[in-house]
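Number of protein chains: 2
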Amino acid sequence: MYLRYLEELDGSGQHTASSDALATLCGTTPAQVRKDLSFFGSFGKRGLGYPVHELTVRLREILGLGQAWQVVIVGAGKIGSALAEYRGFRQRGFQVVGVYDKNPDKIGRPWGDAAVRDITELDHDIATQRVDIAVLAIPADDAQEIVDRVVQAGVRAILNFAPTQVHVPAHVAVKTVNMAMELEGLSFALTNRAD
Amino acid sequence: MYLRYLEELDGSGQHTASSDALATLCGTTPAQVRKDLSFFGSFGKRGLGYPVHELTVRLREILGLGQAWQVVIVGAGKIGSALAEYRGFRQRGFQVVGVYDKNPDKIGRPWGDAAVRDITELDHDIATQRVDIAVLAIPADDAQEIVDRVVQAGVRAILNFAPTQVHVPAHVAVKTVNMAMELEGLSFALTNRAD
Chain A
20 MYLRYLEELD
30 GSGQHTASSD
40 ALATLCGTTP
50 AQVRKDLSFF
60 GSFGKRGLGY
70 PVHELTVRLR
80 EILGLGQAWQ
90 VVIVGAGKIG
100 SALAEYRGFR
110 QRGFQVVGVY
120 DKNPDKIGRP
130 WGDAAVRDIT
140 ELDHDIATQR
150 VDIAVLAIPA
160 DDAQEIVDRV
170 VQAGVRAILN
180 FAPTQVHVPA
190 HVAVKTVNMA
200 MELEGLSFAL
210 TNRAD
Chain B
20 MYLRYLEELD
30 GSGQHTASSD
40 ALATLCGTTP
50 AQVRKDLSFF
60 GSFGKRGLGY
70 PVHELTVRLR
80 EILGLGQAWQ
90 VVIVGAGKIG
100 SALAEYRGFR
110 QRGFQVVGVY
120 DKNPDKIGRP
130 WGDAAVRDIT
140 ELDHDIATQR
150 VDIAVLAIPA
160 DDAQEIVDRV
170 VQAGVRAILN
180 FAPTQVHVPA
190 HVAVKTVNMA
200 MELEGLSFAL
210 TNRAD
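Same order as they appear, the protein sequences are chains A and B.
When the letters of the first sequence are read in order and numbered with the working numbering, they come out as residues 20 to 214.
When the letters of the second sequence are read in order and numbered with the working numbering, they come out as residues 20 to 214.
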């Protein structure tokens, strides 16, 4: 979140930002801002604030955003398609090197400059090129099997849209975007909130 | 998560489930299961386990999942489209009553049985029909303005896909699905994890 606002400030030509200003933007306290940013080095100067550009560059480095990450998408549906067209995806260095599906109607269909590939080719493809991240946009029932296969093939990070928990070894990072749980959270809030 | 696994067990005809079994399914401890489920009433019987169907029904009630929620989607792009076609969306009682966009090329295009409406009609539409939830699938720059408008018009829950924090009064629930942050989390993990 800090990076998001710092990029905005940097883009608008602002050279420094106080912890007060960052706190207001991020909806937190100046003390929290100072604490959080102190993890990344001593940037702030009392009375001067944070150097916006320098801190932006440092945060991008820490997040690994200068690097190019090779991504496969499993599940050639709307979610995968929305993600591939999401500007922020490319901005963060995520490059789609393959899209896979098990549905014969989808296999071979054009996808960007390439075509949707048969899921049976997934393991071989990952073993023969570098793949950093697998995006799972598939039903819950298929998720763990695919996770096991991509982890076995060497993938170290997974973005999971399947509405289920998946299990991975400790060296693999997983982020789950659980739409079902978000929807239930809203439903719960509407049901139980006093009017 | 409990509901998800209980529904599976219920669907496969299982009558009871032990806290041990639920803990294994959910990746937690039996003690945590007992603690969590005790919030909803005294369901478990020592030695007998939890009554699967009864607990499923109760959890659905608590989450408000028997109710029909009327939803507007702001932003007629791929995210809104993926969401509207997501089976879990209807299963949880979410019914899309309107889709809005500001892009003249999109306004009037078919969307399910209806058509994409002009964003300028949003406030009037919300004021004249019940709308429980607004889904924001729009750029960050437009998000707060739309939030202010739908809240003003009476919406009490927001599902935000815009990559920004939005501010709402205390009586409004917000869930943000921040894809940018998930991607950065994976990038960070790949950069900083020892091989």
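FYI, nobody ran anything at the bench for these hints, they're computed from the structure.
Only a predicted model underlies this, so the values are computations on that prediction, with no experimental measurement involved.
Mixed in with the good hints there might be a few duds.
Same chains, same names: a pair is fine if it fits in one copy or spans any two.
DSBU-like cross-link-like pairs, simulated, lysine-lysine; straight-line CA separation at most 30 Å [unchecked claim]:
1. K97 with K121
2. K97 with K194
3. K194 with K54
4. K125 with K54
Query raised in the report: For this structure, which hints from the list above don't hold up?
Result: Per hint list: single violation, 4.
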